[in-house]
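Q: What follows is each chain in one-letter form.
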Amino acid sequence: MWRFIGVRLLQAIPVILVVITVTFFLVRIAPGGPFDSEKAVPREVKAALEAQYKLNLPLFQQYAAYLDDLAHGDLGPSFKYPGRSVNELIAAGFPVTAELGLYALLVALGIGGLAGVCASLKPNTAQDYIPMSLAMIGICMPSFLLGPLLVLLFGIYLDWLPVSGWGDIPGDKILPSITLGAGYAAYIARLGRAGMLEVLSQDYIRTARAKGLPRWQVVFKHSLRGGLIPVVAFLGPAFAGLLAGSFVVETIFQIPGLGRFYVQAAFNRDYTMILGTTVFLSVLIVLFNLLSDILAAWMNPRLRAQFGGH
Amino acid sequence: MALLDVQDLAVSFVTRNGTNKAVDGISFSVELGKITAIIGESGSGKSVACYSLLGLVPMPPGRIDGGRALFEGRDLLKLEETELRRIRGRDIAMIFQDPMTCLNPYMTIGKQLMEPLLYHRKVTTAQARARALELLAEVGIRDPESTIDNFPHEFSGGMRQRVMIAMALINEPKLLIADEPTTALDVTIQAQILKLIAELQHKRDIGVIFISHDLAVVADIADTIVVMKQGQIVETGNREGIFRNARHPYTQKLLAAIPTDSKPPRPGAAEPLIRVQNLCTWFSQGRGREPVRAVNDVSFDINRGEVLGLVGESGSGKSTIGRSILRLVPVTSGEVRFDGTDLTALEGRELKTMRRRMQMIFQDPFASLNPRMTVYDTLAEPLLLHGIETRKSVAQGVLKLMDDVGLARAFVRKYPHEFSGGQRQRIAIGRALATRPEFVVADEPVSALDVTIQAQILDLMQQLSREYGLTMLFVSHDLAVVRHLADRILVLYKGEVVEQGTGDELFERPRQAYTRQLLQSIPGRSLLS
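Residue numbers (my numbering), protein chains in the order written: chain X, 203 to 512; chain Z, 41 to 569.
Take these hints with a grain of salt, some might be off.
[What the hints assert, rightly or not] Listed next, the stretches of chain X that the computed footprint assigns to chain Z, with coverage defined by at least 3 CB atoms under 8 Å from CB atoms of chain Z:
1) 396–408
2) 424–430
3) 468–475
4) 493–506
[As the list claims (entries may be wrong)] Sample of chain Z residues with no beta-carbon within 10 Å of chain X, all distances over it, derived:
5) F53
6) D115
7) P145
8) R171
9) H193
10) R279
11) N318
12) V332
13) T393
14) R396
15) M413
16) T475
17) E478
18) L500
19) L504
Since the hints were derived computationally from the structure, they do not count as laboratory data. Nothing here was measured: the structure is a model prediction, and the numbers come from that model. By construction, the Cβ of each residue, glycine as well, lies at the ideal position given by its N, Cα and C atoms.
Isolated chain X (complex conformation) (with noise of 0.2 Å):
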């Protein structure tokens, strides 16, 4: 198990080290920079900026001051936000971003996993068909479409909920969770769908039967587990989905995550911010496609008994 772990921790190390080079040399290569503006800046004054920011040096050296820096823990200083670090700033907007996320989650996980497994338990009837063609369109629907269509509804003709900002007025979490859970809460279905047929049609569900247990222990008690498996394995990839989706629910929604930062430092070419962001990130989706691996070989006793944890 904790050889497992290890091997996979060490796996991670090359993989993020190809995205901070990617990264890092793909954004000095995309014209213009940080100190470029429409208004004329003299001549003296950039390059005294570009000079505290070891700009002016060649790229190599800098890429080798980044890593030296980036071993230390620390992601540089903010070229657009003048006397904040990057560390400050994802420190700042990340429990936003988590916790749109882990809403998200929920939503997903509540919604699609009860539609997932409504729709096996009577394949190809109207219980199957209507759910499974709502998360049909809930895959095919982004969510800069599906947003503004909630807010229009839920905010505007009905006045139910507010339609932006992130913690100010009670019920403001509500539709960008929506928003932004609602995409894998279809693919949750789906999955979810697709894993209970799978068990269910096992000799060993007929096996249950025959022990005469009434229908909801046999779905509970003996299909769930081996069903919801693949939702389990898809959660990894889910999250790293779900972060990369609320760049665009925290613009839609006006709310101060991670993500917005994110976009905001692409535009302006603010180079550590963008690098930052993208170590941090990937660095989060490698752990939890761990820990969504660990936790789908937990719920496999085959599997878990490889791992020397029984």
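Given the structure of chain X, go ahead and fit chain Z onto it with the hints provided.
A: Okay, now just chain Z, sitting in the frame of chain X:
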């Protein structure tokens, strides 16, 4: 009065292609304290009939067309699901065919065992656990205290079936339905499980329905035998009646399918084609642990044109020997000479040329055929790959192969799932023969098949081995099958050869205790010999 009295039971399946009468008006009864065997090949409706009694046939597509099934005076077919559920698992319990898939892999066996008891009776968890431990000991699980909290994958197939039996008996049912309970097991384990079922039935004086495709299996235990074919009962009788004077031709055919004879000795000079010397194949278990010695210092020859039988139970290393010869697993040490060339020393292109001369037929024709390739594609691939036929002549080659293995030419564009198990095994044999091999390893090629089909495939293999002049290594756990086909037999135990000889020598004068045990495990020996 009979414990269970089934009258004119009819069950059909309604599909888009029409209505299929799976069970077509059958009547039989089961007495307390007696074993009724229902015999028939796959698709004869024997399982559907029993499942429909307990409401375990999915409806739709299933539909009960008529009949009665009186169990203790109540008609099972008329009961509501909630009432039926009270009988299921309490008064009537079931054991299924494959203990690998019939136990829930996500629950400990203890939990699964206690479940019927906790659900049907007012007992505490502690009482249920105590009862589960008692039953595990009774069905022959060693040290139940320490194994009750294990998961199914930690048990062997035979042990799992014992757990299944304990689970069925935990509520002390009056009727036990056993659906092919030994078909997925080795002969030796099968003999143990049969003995166990008969003992438990005798001790509890309950009624048993024993479903099987193999008459020989029930020869020692059944009181009444019901023979089914295509949804109907063709013959019912007591054990002696069926085995001594079967009246219906189908019953006679089933009896004839039980392999009993020995292959006549083969004339001609002995010239070894395969020469295995001191073969060892060990599997590493990771650092610091003893390797598994699957094959340990085994030596034998196979003469040109000879069929060598390799017999042993699961884990005896018999399949590994076959795979080692074909270089499908890495050999630890020793030599395998094919026509004088040491195969263990070959690499790359040379190995590929040699591989063309050797082929393998696998046990499971379901798993070993690509489901997305038609018969034509499956058979044409090796013909083209090894340059045996050209693009122009390949169609003729495929049809010739189909003729040889007894498949109708009309099936050429069909996919594996459209065939029965026996037909699929014919395709697999055709594929193996496509490269005109000199040597074939057949790894349990008939153990997944019904007896009647098994007999047909064995005949086909015998005929083909003559026509193609094949040398064959025939691997099986079933001595009776091997005796029917093989010129010589090696008995394997824990990776080592314990005895060898011709079929008659082994059957009449077995020297080793293990061989004798294998012989005693052959089902229905007493009645057949």
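Q: Tell me, in ascending order, the numbers of any earlier hints that this structure violates.
A: Structure breaks hints 3, 7 and 9.
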